[in-house]
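*Asks:* As a plain string of letters, each chain reads:
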Amino acid sequence: MTLALEARGITKKFPGVLANDHVDFALEKGEIHAMLGQNGAGKTTLMNILYGLYQPDEGHILVHGEEVRFHSPLDAIMNGIGMVHQHFMLIPVFTVAENIMLGKEVKSARGMLLDRQRAEEEVRALSQQYGFSLDPTALVKDLPVGTQQRVEIVKALYRQADILILDEPTAVLTPQEAEELFVIMRSLAAQGKSIIFITHKLKEVLAVADRISVMRSGQMVGTTTPKEATEAGLAEMMVRRKVILKVDKKPATPGEEIMRAEDLQVLDDRRHPVVNGASFFVRAGEILGIAGVQGNGQTELVEALTGLRPIAGGHILLLGHDVGRVRPRQITEAGVAHIPEDRHKHGLVLSYPVADNLVLCTYYLPPFARGPVMEEAAIRENAEALIKKFDIQTPSPFTPTGSLSGGNQQKLIVAREFSRPVKVLIASQPTRGIDVGSIEFVHQQIVQRRDEGCGVLLVSSELDEIMSLSDRIAVMYKGRILETLPAAEATRERLGLLMAGVKEETATKEEVHGA
Amino acid sequence: MARRLLTGIGIPILALFSALLLGSFVILSTGGGWDKVLTAYGAVVYGAFLKPRGFSETLLAMTPLILTGLAVALAFKAGLFNIGGEGQFLIGSLCSVWIGYHLTGLPGIVLVPLGLIAGMLGGAFWAAIAGYLKSRLGSHEVINTIMLNYIAFNLGDFLVNSRGPMNDPTSSVPRSPMIALSAHLPRLNPGSPSDRLHAGVIIALLATAVIWWLLYKTTLGFELRTTGANPDAARYAGMNARRNLVLAMALSGSLAGLAGAVEVQGLNFNVPAAVQSFSAGYGFDAIAVALLGHNHPFGVVPGAFLFGAMRTGADLLQLRTGVSRYVISIIQALVLLFAAAPAIVRWIYRIRAERRVEEAPLTRGWGA
Numbered sequence: 002m003t004l005a006l007e008a009r010g011i012t013k014k015f016p017g018v019l020a021n022d023h024v025d026f027a028l029e030k031g032e033i034h035a036m037l038g039q040n041g042a043g044k045t046t047l048m049n050i051l052y053g054l055y056q057p058d059e060g061h062i063l064v065h066g067e068e069v070r071f072h073s074p075l076d077a078i079m080n081g082i083g084m085v086h087q088h089f090m091l092i093p094v095f096t097v098a099e100n101i102m103l104g105k106e107v108k109s110a111r112g113m114l115l116d117r118q119r120a121e122e123e124v125r126a127l128s129q130q131y132g133f134s135l136d137p138t139a140l141v142k143d144l145p146v147g148t149q150q151r152v153e154i155v156k157a158l159y160r161q162a163d164i165l166i167l168d169e170p171t172a173v174l175t176p177q178e179a180e181e182l183f184v185i186m187r188s189l190a191a192q193g194k195s196i197i198f199i200t201h202k203l204k205e206v207l208a209v210a211d212r213i214s215v216m217r218s219g220q221m222v223g224t225t226t227p228k229e230a231t232e233a234g235l236a237e238m239m240v241r242r243k244v245i246l247k248v249d250k251k252p253a254t255p256g257e258e259i260m261r262a263e264d265l266q267v268l269d270d271r272r273h274p275v276v277n278g279a280s281f282f283v284r285a286g287e288i289l290g291i292a293g294v295q296g297n298g299q300t301e302l303v304e305a306l307t308g309l310r311p312i313a314g315g316h317i318l319l320l321g322h323d324v325g326r327v328r329p330r331q332i333t334e335a336g337v338a339h340i341p342e343d344r345h346k347h348g349l350v351l352s353y354p355v356a357d358n359l360v361l362c363t364y365y366l367p368p369f370a371r372g373p374v375m376e377e378a379a380i381r382e383n384a385e386a387l388i389k390k391f392d393i394q395t396p397s398p399f400t401p402t403g404s405l406s407g408g409n410q411q412k413l414i415v416a417r418e419f420s421r422p423v424k425v426l427i428a429s430q431p432t433r434g435i436d437v438g439s440i441e442f443v444h445q446q447i448v449q450r451r452d453e454g455c456g457v458l459l460v461s462s463e464l465d466e467i468m469s470l471s472d473r474i475a476v477m478y479k480g481r482i483l484e485t486l487p488a489a490e491a492t493r494e495r496l497g498l499l500m501a502g503v504k505e506e507t508a509t510k511e512e513v514h515g516a
Numbered sequence: 010m011a012r013r014l015l016t017g018i019g020i021p022i023l024a025l026f027s028a029l030l031l032g033s034f035v036i037l038s039t040g041g042g043w044d045k046v047l048t049a050y051g052a053v054v055y056g057a058f059l060k061p062r063g064f065s066e067t068l069l070a071m072t073p074l075i076l077t078g079l080a081v082a083l084a085f086k087a088g089l090f091n092i093g094g095e096g097q098f099l100i101g102s103l104c105s106v107w108i109g110y111h112l113t114g115l116p117g118i119v120l121v122p123l124g125l126i127a128g129m130l131g132g133a134f135w136a137a138i139a140g141y142l143k144s145r146l147g148s149h150e151v152i153n154t155i156m157l158n159y160i161a162f163n164l165g166d167f168l169v170n171s172r173g174p175m176n177d178p179t180s181s182v183p184r185s186p187m188i189a190l191s192a193h194l195p196r197l198n199p200g201s202p203s204d205r206l207h208a209g210v211i212i213a214l215l216a217t218a219v220i221w222w223l224l225y226k227t228t229l230g231f232e233l234r235t236t237g238a239n240p241d242a243a244r245y246a247g248m249n250a251r252r253n254l255v256l257a258m259a260l261s262g263s264l265a266g267l268a269g270a271v272e273v274q275g276l277n278f279n280v281p282a283a284v285q286s287f288s289a290g291y292g293f294d295a296i297a298v299a300l301l302g303h304n305h306p307f308g309v310v311p312g313a314f315l316f317g318a319m320r321t322g323a324d325l326l327q328l329r330t331g332v333s334r335y336v337i338s339i340i341q342a343l344v345l346l347f348a349a350a351p352a353i354v355r356w357i358y359r360i361r362a363e364r365r366v367e368e369a370p371l372t373r374g375w376g377a
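Quick note, the sequences are listed as chains L and B, same order. Anchor point for the first sequence: position 238 equals 239 in my numbering, and the numbering is continuous, going up by one each time. Anchor point for the second sequence: position 250 equals 259 in my numbering, and the numbering is continuous, going up by one each time.
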């Protein structure tokens, strides 16, 4: 057995945190090794050390049995380690070949000009070797997300990487695209490449990995194989306690309709229509899930519903009133809670203390303000109560929010949005990038709101989340609601096809005729 | 916390030290040895603190710098870059002087505050123009405030110069009429006629406390700071971004305007036609002062004190060493350079960067 990469006793301290505590990790040649762990478990730190972004305080790294020291990612790349980041590092207006040779440009004989043709040939050869089917002359911005990801992978291969680190690669893919990625991963492994696959989706781990390592609070908890492991067992390893993966909920008892969108049209920042006549309704006491691959207009839809983005056409009715052209504050005051998709962009002021973020939407109301003056005592008491009630892990109410883990930041937002009377909850990617324990908590809170008679609109690109929480599921594709089905009738396959824009026979024909 | 305080004070001190060190090479380049450097810096210290009334003069120079520094700091907290302190200062002083020589019949208890309020309103209006243009048309406040500076300079020149509507024809130098005695701010040391220190310094320190209270204790301050720290989150929280933008500029401008009024009513008692020598770069030095004070109201005061001392000591430097007083401007510029780029200071002195949650680079907002 040959080891492609080995980490021995890696320790890394950050102020106040032991991010890696004598971590041992071994990657065999030609294996797909899944790395599981909650946010803050230390897997990102470990990967950053393996990729040369951090230097370990203690421990050794061995590549193909030889000890190495990485001072920067450049050293890691020289040693054949490639990383595909969750957020692609591609230049949209460059071609595939240009992106791939970026930083390692193919120069002409004189050394001044770029030899595009040779670069394109090299890229074509590489993608054929691994079965990628990439067009080197296509512009990256024209490619679907799944293909862009392949460009990233080829980019690493082009730099002679034989160890690939894939950081949550399936987060942006449809189930079908994820399947295709797994095929590619297996093909790469079969040709001798070693792959570290970071994810938090247990199903995928069991489907594709040869071995699975689990980290928890900076330590390596153990390594197992898909044969020996179960989903529940892995989840327990990650959080050290039993986790209810199935959301426990009673059948919904929907009441009257409280929110409706009619033929809604919304433009994106570049003034392209991205919501194209979306229509749906939400009733009190039910969860309507909006499924769809990222970038099909969900972001803009939610922004329009919450007043953050003007609508270009159609209507939004909230409790019977047209709120299509109303300020965000009026929508909030009408009883709409909003868990935003991007908690750093919209949901939080990271430099603010936790207590201030907990009153971000209510700071001007009593008891937090008396006239123009903020009531610090009330704000502190509110923070202390919510921190306790929602189990937000923070040293104090005055800790800067940015130093909290992602899961706790999300809990903070949930706590804030649920701490006032709410009739409608709009939750957009409510569990993105947070740990299993926090996901469970957020899900329970959402179901509890539903049971209290709140209408919930859940937008998520996590199919499992949509399927386990929703009472009805609407699939959004290219700015429209392609179909709405009762949760009982929704299967992964059916939803997956709808997410890819494929409607059932009759519907497809209609659309063809319509077009 | 202690560490943050340490770097908060340490970086500016190291910036000053580095600037003095580099400045000494400038002095050396004029001929002479290190003794000349020592004489020069000694003269600055003596002039600013030790010589009779030196300390008074330093406080006097500090006063407008605190107010304009607060103006820059407040705007910055709200995510705006107010380069127009100079123009707002001038408009404020023109408003104050107009009140001061027109309503001469009023008693001091009315006229003094009236003049100050007029100055604040003038500065607020001038800055609000830039805020309004940004909120309506999206034109950048940096460009607009700079342009408004030029308009203010020329407007002031037109108003106060010979045959201008605010010119005093009886004066041999072109200037506005003198304000009434009852509009003067009281002197703090009336026993010594040559001690020019006036109540403006108290107004500036009070303003510091008020601005701190406004920013950190009121809902308006919360809105302004949220808008500055994360405009998207501010919109999400239902804050009125456009209103806050205009309001923040107006508040900022009112402080610069107050500086102009204080300078008129406390020191100069008129506005000379040489308007640019009157505003004297207070609006520009304010940027350095605010930056040195990390854009915190309480940081502005020591920053203004330092710059005030350097301005005051510069004359003696020229007198004693023959080196141009503008060496001080070079040193001030170097302080600003080092303070603006703490990374350089950290690199020179090998200080480990603290983990900042959110860096607020000075250039942010250029794109927006």
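Treat the hints as calculated values from the structure; they're not laboratory data. If you're wondering where the values come from, they're calculated on a predicted model, not measured in any experiment. Each hint should be verified, as a subset may be incorrect.
[Said to hold, decoys possible] In silico negatives: residues of chain B with every beta carbon more than 12 angstroms from chain L:
1. T235
2. Y245
3. G331
[To be verified] Once the Cα atoms are required to be at most 30 angstroms apart in a straight line, the calculated DSS-like pairs of lysine-lysine come out as:
4. B:K60 with L:K389
5. L:K142 with L:K346
6. L:K504 with L:K204
7. B:K45 with L:K390
8. L:K202 with L:K14
9. B:K60 with L:K346
Ideal Cβ positions, reconstructed from N, Cα and C, are used throughout, including at glycine.
*Asks:* Compare the structure with each hint and give your call.
*Replies:* Structure-based check of all given hints:
A beta-carbon of chain L comes within 12 angstroms of the beta-carbon of T235 of chain B; the shortest separation is about 6 angstroms. Not every CB of chain L is more than 12 angstroms from the CB of Y245 of chain B (nearest about 4 angstroms), against its label as outside the interface. Against the 12 angstroms criterion, G331 of chain B stays outside the reach of chain L, whose nearest CB is about 49 angstroms from its own CB. For the suggested pair K60 of chain B and K389 of chain L, the alpha carbons sit about 61 angstroms apart, so the restraint of at most 30 angstroms is broken.
Taking the CA atoms of K142 of chain L and K346 of chain L, the gap is about 23 angstroms. The hint holds against a cut of 30 angstroms. Distance hint between K504 of chain L and K204 of chain L is fulfilled; the C-alpha atoms sit about 26 angstroms from each other, no more than 30 angstroms. The straight-line distance between the Cα atoms of K45 of chain B and K390 of chain L is roughly 68 angstroms, outside the 30 angstroms bound, and the hint therefore fails. Of the supplied pair hints, the one linking K202 of chain L and K14 of chain L holds, its CA atoms being roughly 28 angstroms apart against a limit of 30 angstroms.
Restraint check for K60 of chain B and K346 of chain L: the C-alpha separation of about 55 angstroms exceeds 30 angstroms, so the hint is violated.
In this structure, the hints that do not hold are numbers 1, 2, 4, 7 and 9, in rising order.
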